[in-house]
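Each protein sequence line maps, in turn, to chains C and H.
The opening residue of the first sequence carries number 1 in the numbering used here; numbering runs sequentially from there.
The opening residue of the second sequence carries number 1 in the numbering used here; numbering runs sequentially from there.
The hints are simulated quantities; they were obtained by calculation from the structure and are not laboratory data.
Distance condition first, Cα-Cα at most 20 Å in a straight line; then the derived PhoX-like pairs of lysine-lysine: (1) H/Lys157 x H/Lys62; (2) H/Lys202 x C/Lys260; (3) C/Lys260 x H/Lys194; (4) H/Lys202 x C/Lys175; (5) H/Lys37 x H/Lys169; (6) H/Lys158 x H/Lys169; (7) H/Lys157 x H/Lys63; (8) H/Lys62 x H/Lys158; (9) H/Lys158 x H/Lys37.
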Amino acid sequence: METMNMACDAGSRFSEPAFGKAIFDLVRRTACELPADVEAALKRAHDEEAPESTARMILATFLENMALAKEKQVPLCQDTGMPMFFIHHPPGFSHRAMRRVCEEAVARATREQYLRHNAVDPLTGVNSGNNVGKGFPAVFFEEWDDEAVEVALMLKGGGSENVGRQYSLPDDALKAGRDLEGVRRVVLDAVRRAEGKGCPPGILGICIGGDRGSGYLHSKHQLLRPLGDVNPDPALAALEERILREANTLGIGPLGLGGKTTLLGVKIGVLHRVPACYFVTVTYMCWEHRRREIRIESDGAYRFIG
Amino acid sequence: MRELTIPITAEQILELHAGDAVAISGIATTGRDAAHKYLVDRLIEGSKPLSAEDQLVFDELKKIYRGGAIYHSGPILRNDAGRWSIVSSGPTTSIRDEIYEDKVIAAFGLRVVIGKGGMGPRTLAACKAHKAVYVHGMGGAGVTNARAMVEVLDVFKKEEFGLPEAFWKIRFHRFPGIVTMDAHGRSLHEELGKVFDEHLAKLLHDGSGV
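For reference, chain C alone in the conformation it holds in the complex (with noise of 0.2 Å):
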């Protein structure tokens, strides 16, 4: 078979068997194995629940099936979800190609029950069987100047993106003006609409501003943040402390059945907005956050980052 180096400058050695062995590897690992800063946070969510507590025998069990998952080497959850790859590259990089290696490292990480068939055609009902159709998975480009690339892969299940959502500013109903306070009100509702359905202990991407498409997109990219990273603009860092803290009174806990951890992390970022609109989107992260992130350096080798 010939081998395609996938960058054009020559004496780049990035070719993609090299790359496809990296991919498969990423996928595979994000579905079996949490990162650690979403289990730490489920321990502690777990230890300040009371004894005895629904909310506390859930998270123990949640606890179980992490290190289960990740001793067997088998996926955390049966919903593998819509994967979706954020990649960054040197300049000269071919977007077909990258395409096409993810495409075929899902497909490999399908056959090896790494993944669910989760393609599913809206017209036919048909499922593709390999995770491969249209706009599946999502590969979304960014060039940059670093020689490596970095690849990072979320695998977002159905049940939390049902109940994602985005609020057009004013909000009547809600008393939510265009403020960030307008903005605590809307994604509070958000939270309590969820209730149970998305998974909880949930974490919250939220994209101010932008237009319906990129609003959604946006919010993803906030999921892709440690949980405890602090955001660098101060008015944000506050309404993220905030929206977490009060969305932990709700009483909504682990799978909605009560409790006092509903949310583990709560990300918000921004985009320019035209005048008329005044976008609020959320985007619910159910408790098996799978996210992992990769290097590749230019020689092949690679190693997990995140």
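Assemble chain H onto chain C, guided by the hints.
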């Protein structure tokens, strides 16, 4: 922890109350969106005569569901030389089947519906009328749940619906869950929802800027 073994009687169901933890054993099937649409539109209310295959599926499901259970889940499975096994199989969100489930409970005599997120007033009324319960499974816990799904016995509608949406006939052993809707008309989801509403109203009332 209350042990429930299929077939389950009406008397056993009436002993259960919202909040009880249960472990379910016996033979049941998975069935989610496509399965529920098929059960109602084709098998229960279909106006066209059933094909031989559909009649066979109908007869099989009648036997399995009488006193039995349906599990809202789209599993990941492994096939080793023709032998299927469950790799990961947590519950999926049940509310999408709200428009079908009362009819399925009534037509088949189901005793247990397993899923996540809870269901609405139609299903709750059917649970009361036909002596059934809704059991909330451990959402996201695909691997611990798979451990309690010990044997894949058969599959129906695999080619038409695809792997996640097919009816997988499975032997369950001590499958864990919590009764959140009982046959006495109680729904924890309804009760908790009111509490969440009160808490939200308080937060929105107190809101005075960031």
